Amino acid sequence: MVDVITCEVIRDFMETVAAEIMKTLVRSAVSVMFNEAHDCSAGVFYYDGRTVSLISRADAMPVHIYACLSSVQECMDYFKGDLNDGDVILISDPYHGGTHICDYTMMKPVFYEGKPIFFPSVRGHFLDVGAPYPGSANAAAVEVHQEGFRFPPLKLYDKGEFRRDVWRMLIANTRLPHIYEGDLNAMIGSCRVGESRLKQVVKKYGFATVLEAVAHIFDRSERRFRDEIRSWPDGTYTGRSVLDTDFRDKKDINVNVAVTVKGDEIEVDFSGSHPQTKGLINSVPGNTLSYVYMAFTALCPDIPVNSGFFRPIKTKLPRGSVVDPNPPAPAGLATICIGADIGEAMIQALAKFAPEKAGTISLDLCIFGAWGVDPRYQNFFVTYDYNGSPVSSGAACGTDGWGGWASTVSAVQMESMEQMETKYPLIYLQGEYSMDTAAPGRWRGTPAFHMQRSPYGAAGPIMHDVWIQKGKGHPLQGFAGGNSGTGNYAVVYHGTPEAQAVEGHFLGALKEGDIIFMQSGGGGGWGPPWERDPELVLADVQNEIVSRNAAKNDYGVVIDGTVPRVDRVRTEEIRKKHGTSP
Amino acid sequence: MDPVLGQLVQSQLLATIDDMGQVLARSAVSREIVEEKDFAVAIVLDRGEVVALDNLLHLGTVADSASRIQELFEFAMKPGDVIFSNDPYSGGSQIQDFTVLAPFYHGREQICYLVCRAHLPDLGGQIPGGYFPFADDVWAEGSRIPPLKIVQEGKIVRDKLDAVVINSRYPDAFMVNLRAMLAALEIGQRRMGSMIRKYGKSQIEQGMRYCIASAEAQLASEIGRWPTGTYEGVSYIDHDVKGGSALQVNVCVRLASGILTLDFRGSSPQSPGFVNSTRSNTLGYALVPLYAAMGGSVPVNSGVLKHIELLTKEGSIVHPVFPAAVGWGPYHPGAEIVSAVSLALSSMLPGSVTNLSTKSLMIVARWPQQHLSYPLHAFLQAGASAAQGSDGWGSPGPFARGTTPSIEMIESHLPVRLRQLEFAEDSAGHGRWRGGFGNVVEFEFTSPCTVDVVVEGEAHPVEPHAKGKAGAGAKVELDGKPVKHVSWNQVPASRGLLAQAGGGAGWGDPRERDMAAIQGDIDIGLLSPEVAGTVYNARQSASARSTVKV
Chain A
1 MVDVITCEVI
11 RDFMETVAAE
21 IMKTLVRSAV
31 SVMFNEAHDC
41 SAGVFYYDGR
51 TVSLISRADA
61 MPVHIYACLS
71 SVQECMDYFK
81 GDLNDGDVIL
91 ISDPYHGGTH
101 ICDYTMMKPV
111 FYEGKPIFFP
121 SVRGHFLDVG
131 APYPGSANAA
141 AVEVHQEGFR
151 FPPLKLYDKG
161 EFRRDVWRML
171 IANTRLPHIY
181 EGDLNAMIGS
191 CRVGESRLKQ
201 VVKKYGFATV
211 LEAVAHIFDR
221 SERRFRDEIR
231 SWPDGTYTGR
241 SVLDTDFRDK
251 KDINVNVAVT
261 VKGDEIEVDF
271 SGSHPQTKGL
281 INSVPGNTLS
291 YVYMAFTALC
301 PDIPVNSGFF
311 RPIKTKLPRG
321 SVVDPNPPAP
331 AGLATICIGA
341 DIGEAMIQAL
351 AKFAPEKAGT
361 ISLDLCIFGA
371 WGVDPRYQNF
381 FVTYDYNGSP
391 VSSGAACGTD
401 GWGGWASTVS
411 AVQMESMEQM
421 ETKYPLIYLQ
431 GEYSMDTAAP
441 GRWRGTPAFH
451 MQRSPYGAAG
461 PIMHDVWIQK
471 GKGHPLQGFA
481 GGNSGTGNYA
491 VVYHGTPEAQ
501 AVEGHFLGAL
511 KEGDIIFMQS
521 GGGGGWGPPW
531 ERDPELVLAD
541 VQNEIVSRNA
551 AKNDYGVVID
561 GTVPRVDRVR
571 TEEIRKKHGT
581 SP
Chain B
1 MDPVLGQLVQ
11 SQLLATIDDM
21 GQVLARSAVS
31 REIVEEKDFA
41 VAIVLDRGEV
51 VALDNLLHLG
61 TVADSASRIQ
71 ELFEFAMKPG
81 DVIFSNDPYS
91 GGSQIQDFTV
101 LAPFYHGREQ
111 ICYLVCRAHL
121 PDLGGQIPGG
131 YFPFADDVWA
141 EGSRIPPLKI
151 VQEGKIVRDK
161 LDAVVINSRY
171 PDAFMVNLRA
181 MLAALEIGQR
191 RMGSMIRKYG
201 KSQIEQGMRY
211 CIASAEAQLA
221 SEIGRWPTGT
231 YEGVSYIDHD
241 VKGGSALQVN
251 VCVRLASGIL
261 TLDFRGSSPQ
271 SPGFVNSTRS
281 NTLGYALVPL
291 YAAMGGSVPV
301 NSGVLKHIEL
311 LTKEGSIVHP
321 VFPAAVGWGP
331 YHPGAEIVSA
341 VSLALSSMLP
351 GSVTNLSTKS
361 LMIVARWPQQ
371 HLSYPLHAFL
381 QAGASAAQGS
391 DGWGSPGPFA
401 RGTTPSIEMI
411 ESHLPVRLRQ
421 LEFAEDSAGH
431 GRWRGGFGNV
441 VEFEFTSPCT
451 VDVVVEGEAH
461 PVEPHAKGKA
471 GAGAKVELDG
481 KPVKHVSWNQ
491 VPASRGLLAQ
501 AGGGAGWGDP
511 RERDMAAIQG
521 DIDIGLLSPE
531 VAGTVYNARQ
541 SASARSTVKV
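Residue numbers (my numbering), protein chains in the order written: chain A, 1 to 582; chain B, 1 to 550.
To be clear, the hints were calculated from the coordinates, so they are not data collected in a lab. Small disclaimer: the values here were computed from a predicted structure and weren't measured. Treat the hints with care, since some could be wrong.
[To be verified] Calculated Cβ distances over 10 Å to all of chain A for the following chain B residues:
# : residue
1 : Leu72
2 : Tyr105
3 : Asp263
4 : His377
5 : Ser412
6 : Val440
[To be verified] Selected chain A positions facing chain B (Cβ under 8 Å, derived; list incomplete):
#  : residue
7  : Asp93
8  : Pro132
9  : Phe151
10 : Lys155
11 : Met169
12 : Ala172
13 : Arg175
14 : Pro177
Idealized CB from N, CA, C, for every residue including glycine.
All chains, full assembly: derive it from the sequences and hints.
Structure representation (structure tokens):
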């Protein structure tokens, strides 16, 4: 019988292993997606001979959490009876537990007493996987076959032997082989680091003790989460989020969710969600469930996240819908488009019984990709600019939007603009918050981010692949009476007679000097704006986040004087006239 | 080696690959293999040296892809292994064509390799089937599989094969065809095994070397009788599918010091679209007119390459650089490569060879709701060109292995009806001997569909020589209006699409054509009296249904 303290020490060791795997990956990978943006994740898993369980995961992109679990489960099922020490397995197929083709999961089984028991696993976004068009999303895709080279579980190493022909096949299907190879090697290296740490913990405590501790880790998270669920009032709570477009022929694609709390059990039912679409926004279960779990973990920041945590949650995903499509529906953008909507719908539902814990948990991206030839090195480059989308954080109860991404995705970082300018023939002309774009609320959202960028020093035109998600139609929602965010938009050839707003998607060439402008709106506010502390509004005015006009119209706070100060009398008048409820 | 024994072994080797081809054609399910016979079977030695091959078009690709496979698996090949590759940039041609190779052993000794190369249905890419006119690079055409070992010592490597097959839109058909290829290789293993038991290993090895040496000697002997000097041939492609202007394949054929040089360096730069032929593909196509000129006795194997030099410029349409799209290479500039060499050789050796080329169109109908698609261009048959002494006739090269599909079969499982399928009047190229007629086909769709069309051979039909005239160009019309060169057309039900294949080129002066032959053409309704009058100077006499010279 292992004592609780030892169990906790082992649990923490496992968390540290996951963190170390992640750090190793981030520090050895070649692509900015990994080493700058950190669009990757790592986890430690356990296999009981049938089911894969998550023991610990790194602070990382949560959309990878569950997909890592379901992908690894597919690997174990596929290779059952044919797993050996020294195997390294890779998988990318969305329809085998994944998310979209560019997200690769790698795992390496660690054996004890002849059986695969633990494994480190890494997951990350590969920039280009040989789709008909460069980058990670093909606007012309109506089938997953048009989204790149994908594969079900595939051994990269077999019994420790490197399978060179498999490696060559993978490299043959990317436009960026040197980056791809570097990233794959980084993943292999990080799995090896994970393996060696796992061997250390087993060596130190003994196999039987670690197994017992793992069971305890799961049970404890399950118990604590069930306690939390019991504290929530029984009932069914609904949420809904709408995506502007499927980038094909559909508009207003809805995700509906009903969360039923009963005792210490939860059921999450997505019935009523839009049928799957031709456009590339179909969320396979690996993706859908990641967002479901993300919403609950966001409500319980103190409970360790592992498979025990997931036990009380049952899900109902309607087959053939955007949250559980049938192949060969394309899934390229679903990690964000529909993914974020699943997250939003979930948190809207949960806000109904725990409003003080709710806030924007989703991404709200204006992605854009660009590709062309870098004249300095004469090589073909593809880039995704996360600088175009850093501000989806909304308010939470007690905190204004803190200026970056929503908490659940804040593990992803922006690549520094200096790095981008060094690596690619691009230059940034603007990158700043804008006034009067933060969603009003008792606590306000983050202001929208305005960015201008232009090709610079490029040999020829640079193809720009711009996707507007969460445009003006359905911006990120507010909570408990807070307002919605401003939504996103982009303008290409900004400042010229040819300027055009991007409607959904734009694929075109920009040459030296052509400017793309984009606004990335922030997340929603929390609580009625009329309840915001006037001193905070004053600070907003002084920081040029809110104008005096907006202070009055949105918040009912009158700021006057050359040195700004709150006119308390008039503020109280306006607010009284407005009433306490919005 | 005793030539009689050498010939015996050679015949047996040819019979072996013939058997392999039969097994493949009869067990596969795809039209390309079963009807078009778009495949090749070969016995190959180290470094891609081809001993016997049934399809000259694939001499370059079989040799080069086999060689690449051997290179990458030099120290990692065992009995029972099978390796395949579709990569155009590992000695291949288009993504759909897979080379499958198995080593043949006698005991522990490696004797030779059995190779099968065939068109498999779809491996991803933007368009089902892989022919994507708007492709900017090879990745848009499908997934590249460089040499990959899929059978290890007799056992299928499940995860590697699944990783490939999952990328096909038709995984079941892909697997059936692949198994047919593996079966063909297996038959080859058995035949080679019997041969070794019958003749002994040493005789077989000598026999294989004999095949190669004999081809080399025969080619040397043939070209030894040819004139020295440089002879040029040029053939044109109407457009580069991306809105650019005409492209040309230019070849200078030069015989000097016993080496026949095929110099393609005057050809156009590579196209931004899929009208590019890999160098390996170029070689096979360039040799077709050469073999025709030599009269058919020279065996098809690498022996001939010892006296042939292929010169190409990297970055041209006959030798594109990675990662150019190459999907239509076997058709265009494939046809133009055959044409250009035909023209050069017919200048070099007047009367010995005609233009063996025909220009293909692409007309693919798709019914997405029903998950159906069909290449309607399979019904088009262009006219073969005339030769000295003979009107153009029969199934035209270089795709003459194929058969026309069955109208009844198509009508029974596709929402399309054929309203017309016959030779087109006045389509033959005029000459003392006229070209073959192109056919005209009219399709009526009983269900709405899209039809992807790429028209080539309209402005530049197959080029004639020796004072003959070119045949009519190809054309495609939708509802009576010509279709754009590269277009995706939405076609409602009950509409008609008319397509006409180009006519073969004529040979010699039309005014020297035999009267009876002209009358014959008029009688069968394929030569109009007007054209007979203007081109052939023949006029129908008022009294009888006979023509007289004016």
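Structure-based check of all given hints:
no., hint, result
1, Leu72, "violated (7 Å)"
2, Tyr105, "holds (21 Å)"
3, Asp263, "holds (29 Å)"
4, His377, "holds (23 Å)"
5, Ser412, "holds (27 Å)"
6, Val440, "holds (34 Å)"
7, Asp93, "holds (7 Å)"
8, Pro132, "holds (4 Å)"
9, Phe151, "holds (4 Å)"
10, Lys155, "holds (6 Å)"
11, Met169, "holds (6 Å)"
12, Ala172, "holds (4 Å)"
13, Arg175, "holds (7 Å)"
14, Pro177, "violated (11 Å)"
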